[in-house]
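Build the full structure now, drawing on both the sequences and the hints.
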Amino acid sequence: MIVEKSLPEDDNDDEIIIICFHPNNQIEEMKKQLNQMNNHVIFHTKLELCISLIQSIKHDKIFLIIFDSYACQLVSHIDIFQQVHSIYIFYTKPEDFKYLFHEQLNIIGVYHRLDFFYSALEEQINLIAKQFFQWTFYDQTNFSKRDLSKQSSDFLWMQLFHDAISSFPHDEQAKEDMMNIFRLYADEKLYQSNDAIQWYLNNSFLQKLITKSLQRKDIDQLYQLRYFLVDLIENLTRECHTANVVIHQQIKLSKHELNHFRQKQGQILSMKGFLLVKQDIVLPQRSDLIDVHLEIKCNLKEYQNKNEVLFDFNTTFQLEHIEENDQTILIRLTAVNYGQIIKEKYLTDTHRQIENLSIPIIFSKLMCDMNEWNQSRKYLQYLSIHSNEQDLPWIEYFIGQTFYEIGQLNEARLCYDRAIKSNKINLQDSSVVLSAIGKVLYSQGKYEEAYDFYQQALTIQKKLYPSYHAHIANSLDNIGLVFGRRLQYDQAIDFLQQALEIRETYYEHFHVDIAISLNNISDILIDQRKYDQALEYQKRARSICKEYYQSNHTYIALLLFRTGYILYQQEIFEESLNLSQQTLTIMKNLRSSSHSDVAYALINIAHIRYGQGMHEESLQLYQQVLALLIQYYSSDHLDIVQTLINIDRTLLYGKENSEQTLDFFQKSLTMLERSYPSYHAHIANNLNLIGNALRKQMKFDQALEIYNRALKMQEDYYSPKHIELVDTLTNISHTLSSQE
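Just so you know, we're using the UniProt record's numbering here: the sequence shown kicks off at 1 and counts up by one.
Simulated pairs of lysine-lysine, DSSO-like, Cα-Cα distance not exceeding 30 Å:
id	residue 1	residue 2
1	Lys58	Lys212
2	Lys264	Lys345
3	Lys345	Lys130
Computed Cβ-Cβ distance ranges for the label pairs, DEER-style:
id	residue 1	residue 2	range
4	Glu715	Glu536	29 to 37 Å
5	Asn24	Ile341	53 to 61 Å
6	Gln327	Ser594	50 to 58 Å
7	Lys667	Lys421	35 to 43 Å
8	Arg529	Thr670	25 to 33 Å
9	Asn410	Gln340	38 to 46 Å
10	Asn142	Leu184	45 to 53 Å
Think of the hints as simulated: they come from the structure by calculation, not from any bench.
Glycine included, C-beta positions come from ideal geometry on N, C-alpha and C.
So, in structure tokens, the structure goes:
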């Protein structure tokens, strides 16, 4: 006899509570908007009461809206406000606007435009709501004509996990791990594998535990339950017979999930867990959930108890139609085999690039593509305990990928080194690892070392792959990026265009790697000041990525960042700031507040505030960026040098401090000459800035000497009509005019 116990309190689903602090409460229109967005909105006019409320909330997600000068209270009470999930600062007067960034506070954005504020708030609410959706959808349109190898979704996760969990040994250790879980919430009982279905049907705690673990993709919990999950899957497969029937079930959906259903008619979907259909099911009594009638047409997998039907969590349905009237909402589903077909297509497309990847390894790759790096690493560490020797190099490689993505570059390099030294990796696959080592070196600012590894990878790939293969495109793209860092734009464009052409052939014009090529080319076009052309490449890239990823994916953030920078250059500051804040929010949520990607997003905001004439504020932001990068990189990294130059430029042109600036420019020049002696374009740019500082001090002869030194470097480095030469010649002309 199983004695059920309730879920611990902290296992209950979190809800969103919006707390709005406004000292005079004169925000009637905003109140209406907020109440339409969320069921729980609380307004406070006294800061002390607002703080007390925040301290009293233990499990729910708090969204705090704070107004005007009261934003400074966030830092004063940081120990309290750092527990707030999302913070929004709103300035009622645009002239009072001041941007605030703090590593320990999750500030989503600072706003003075209501449209940007409402959009950001609604986006964040929807993203949180999706985490608790019971169903996951997949748009099957044209899937057979597209390469699926970089697609990422909860739908694919469910399909692959179903196979991956079965790869773990079904042994006594797995059984003991399972029983340790059962003992926490039920009396011990001699468990038999053949009883798995009855254990599940008769134990509501077990149902909730497994459902919650699958919904949250909790690898630790699912690993502990692996013995039971495999038993349950095998029992469901073995004990079924088929009959064409229509079954009915009452369910409850949140407002957000029901709206999601309305938008997805015609698409396929699966439950994030085992779907239990029974006549006397107990539904949660919550006022914020909506009663829905489910009609399922299926080739039934039916079991001993005629009143209960249990569907495996990889079962796929098609959303045929939603009927709504004043009294009822009816959702019609049909069971289909699309899940298996899409999974096989995903595996085939992945194997087209790396032939010998096992399904357990591919599952870890999927999690990396979904930005779930920590979960992927946990899974790989469990997998390494049980894996065969053939998988070990790939386990090291993908653990390295997870470290790389969260910014632990040294740890990533160690994993890649172990993978490349393995005697189980063949020459063909070694090129993938060589490229990964190159990416680590590139991120560390060691561009010439990275270039050598990229060339090694390309040499192997040209020998072993056809000329249009995706791996060759990857290497060409990587090499193009190195030329970009050298400021050799013509060569960079040449390599990046080659990569794009191969990817368009290999993937037949639609794949996220094509979007990456378009983004990289746009980056060079920005440096060449071809902003309109760069924006067109960005639009093409976004049209691809939005088909692959949710709005909070790193690739989406990368495109927002680049578009925001283009708009800054075009002096469209409001829109640029809005996109840059979106980028910063995504990167902080996915990475950490100290990650370099957070620093780069913050650089954009510093640029914008400088462009808006807010020099003191931009200087503070640049200094915050510098602190982040010094914490992350070695002291002479090129991006640290560039940030120092941004600080110097702000002092020179914004604060008119040419004496202090000259010292800083000399320091950055020394760093460039020490760590990047062959990067003459960067050195020449720095010399031009030194010349500008000298010209401001009326030291025209010294300025001319510096400008001519820069010009000589550029003439040796660039073609005669390069735009950088024009800038230097213009500086010389202005200096000569000033002498007259």
